[in-house]
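**Q** So you can see what is in the structure, the chains are spelled out below.
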Amino acid sequence: MAVTTAGRLRKNRGAAPLQSLFWRLPWLRSALLLVPPLAWFVLIYLASLVLLLITAFWTIDTFTTQIIQVWNLDNFRLILSEPAYRLIVGRTVGLAALVTLTDAVLAFPFAYFMARVASRRAQTILFAAVLLPLWASYLARVYSWILILNHSGLLNWSLQSIGLPPANIGYTYVAMWIVFSYIWLPFMIIPTYAALERVPETLLEAAADLGAPRWRAVRDVVLPLAFPGVVAGSIFTFSLTLGDYITPILVGGAGSTFIGNVVYSNVGVANNVPFAAALAIVPVGIMAVYLLVAQRLGAFEAL
Amino acid sequence: MRSTEAPALWVRLGTVAAAALIALTACGSTTSTGGSTAAQPPTANTKPPTTVGPGEGALNLIAWEGYTDKSWVDQFTANTGCKVNAKYAGSSDEMVSLMKGGGSGQWDMVSASGDADLRLIYSGDVKPMNTALIPDFNNFQTYFKAPAYNTINGIHYGISLQWGPNTLLYSTKKFPNPPTSWAAVYDASNKGLVTAYDYPITIADAALYLSKSQPSLGIKDPYELTQKQFDATVALLKQQRPLIKKYWGTAGDEITLFQNGDVTIGAAWPYQTIQLKSAGGAFADTIPIEGATGWGDTWMLATNATHPNCAYLWTAYVSTPKVQALQALYFGETPVNTKACAEMEALQAGSCAQYHADAPGSYFNTIHFWKTPIATCADGSKNCVDYSQWQTAWTSITA
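One line per chain: the protein sequences are S and X, in this order. 0 is the number of the first residue of the first sequence in numbering that gives the first Met the number 0; add one for each residue after it. 0 is the number of the first residue of the second sequence in numbering that gives the first Met the number 0; add one for each residue after it.
Since the hints were derived computationally from the structure, they do not count as laboratory data. No experiment lies behind these values; they were computed from the predicted model shown. Be aware that one or more of the hints could be misleading.
Unchecked claim - Derived coverage of chain X by chain S (criterion: at least 3 residues anywhere in the stretch with Cβ under 8 Å from a Cβ of chain S; other residues may be distant):
#1 242-255
#2 259-266
#3 385-397
To be verified - Every beta carbon over 12 Å from chain X, so not counted as near; a handful from chain S, in silico:
#4 Leu17
#5 Phe56
#6 Phe75
#7 Leu86
#8 Thr101
#9 Leu131
#10 Ile145
#11 Leu158
#12 Ser160
#13 Glu196
#14 Ala207
Beta carbons are placed, not taken as given, at the ideal position from N, Cα and C, and that holds for glycine.
Turn these sequences into a full structure, and let the hints guide you.
**A** Shown next as structure tokens:
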């Protein structure tokens, strides 16, 4: 009995200092909680990324393809001076912007219906419908578009059977635009839906009380409040398109090279990792600017 | 290797660049006498064995996926007691990096393609092999006994395995009169119906065409181009760009393009033609009057191989007509052993001719096998455009 009590006392005495330490230094508890995941993130993720990006400032010996660790900006100079790379960067960013815009236009009414019109049951069904394609492989979904868009595909067949000329948009920019917009649409719908759902009904009632018709309330109340959600969604659609290199290979035509394709061929084919790293910094830079703007627009509060 | 598993194919050719570069350093100090003496690779003086002893019980291979298929490996293991452990490489680059340090004692052989060969040879990672220990070597097509991509100054750095040409594939519906020249793929009347292989080495196809259509350029070897010849070739390809529907990266891609009627003409491997025809399509291929480019694979022996006897036993085994035929039909490529023809016919009637396994020696004068473009031309001058420039040019052509 005495032993047990003494043991319990000792145990209590052992725990108490730690607890009081936490009480006196509240940051210590958060530090202990955060250090493992942060260490993981910094060491495993950021460090490896930084190591890769550092090589962008090196070059390879064109005779041996060994990396020469001499600091220089040759790779960046080549990206800026070679018209082909400017064209590729411009194409990638342009299409990413177009896809983002398309998805925003398509997603908003859909998300609005889901969040504010549909019944609880219909909402669940629509949610499943939005997420369903994500269960299928990316490749399967892109290939299915090839079947629709190619020369003897479903689209041309349908057009011809109603007496219209074939569209022939397979392996063109249009095909890439359609496929990208389709693939990333769920990533726009979900944040937009989340933002729309958070718009308080009371504000709409207030707008109605003040005599605003429904469309006016949507334009002046719902739209500004949901906009950060759309911007949040655009981060996904923009960055995912910016980094993609599979869709251009599969549905793009001649001259559909994206930044990712050049990075891939420089790593895998030419063994020129420094140049690939330099080119990979381009989308990183673009996204940094994009995220800054998105943050200004309140996208992160909407997430 | 050369089949539906195509991203890998696409990638592995890339090593040509590095190969070029290494070859270049190696060749740099050489003054060519008679135009054919290349620099000696580091392992040139390593004497290969003159006899094959008993197998060491194991053999570690780096191979293209499926090059060590059960259907012929099991019999080999039963015959020799050498247990085959294969690692499938996804690209020539991966093969070269795995083979660093002469295989590091970990790997015995690699089934390298022509574009990786020079790189492996000049970095000293592979060593000469004794062809006398390969009984079937005498049955090889003469060309493949000593092709430029694996034999330097008469020393064999490996034993040829399989090869294939890059033919002109076309739809017989669109072309009732078969095209006879590569000119068809540069003809504006075929706008939007042409395809080409998405790889820098495709520049050689255009150079080959120019060597005949514009003799004034003086192109003798499509892999050895002076700046002027190279610029003319690139200009031709840029002019061709608007005619191209899509550049193909994988054999499967090209088959889909032809099958759906998106393209009707373009360079292809025999594999694609055979697949399209067997699916009942109206397609045919030809080696145009200008000739064609081609590719070849080689089994190479690691400098630090720990199972050399098993390696020789394996090379001898895969060179036999039966195994050559099995592998050829499995992958849609052509055996180097002329005796394999009968075996192919036995397995699949008509396949020998389909794959040109019975081609006469003169056929190989029309095939210009892939090799690394290097700065040193055949005449010893350093006026040729090296592969890194091929690559940059290809990016700007297809961008």
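**Q** State for each hint whether it applies.
**A** We went through each hint and held it up to the structure:
no.: 1; hint: 242-255; verdict: holds (count 7)
no.: 2; hint: 259-266; verdict: holds (count 3)
no.: 3; hint: 385-397; verdict: holds (count 7)
no.: 4; hint: Leu17; verdict: holds, 51 Å
no.: 5; hint: Phe56; verdict: holds, 19 Å
no.: 6; hint: Phe75; verdict: holds, 16 Å
no.: 7; hint: Leu86; verdict: violated, 5 Å
no.: 8; hint: Thr101; verdict: holds, 23 Å
no.: 9; hint: Leu131; verdict: holds, 26 Å
no.: 10; hint: Ile145; verdict: violated, 7 Å
no.: 11; hint: Leu158; verdict: holds, 15 Å
no.: 12; hint: Ser160; verdict: holds, 17 Å
no.: 13; hint: Glu196; verdict: holds, 42 Å
no.: 14; hint: Ala207; verdict: holds, 55 Å
When each numbered hint is compared with the structure, violations occur for hints 7 and 10.
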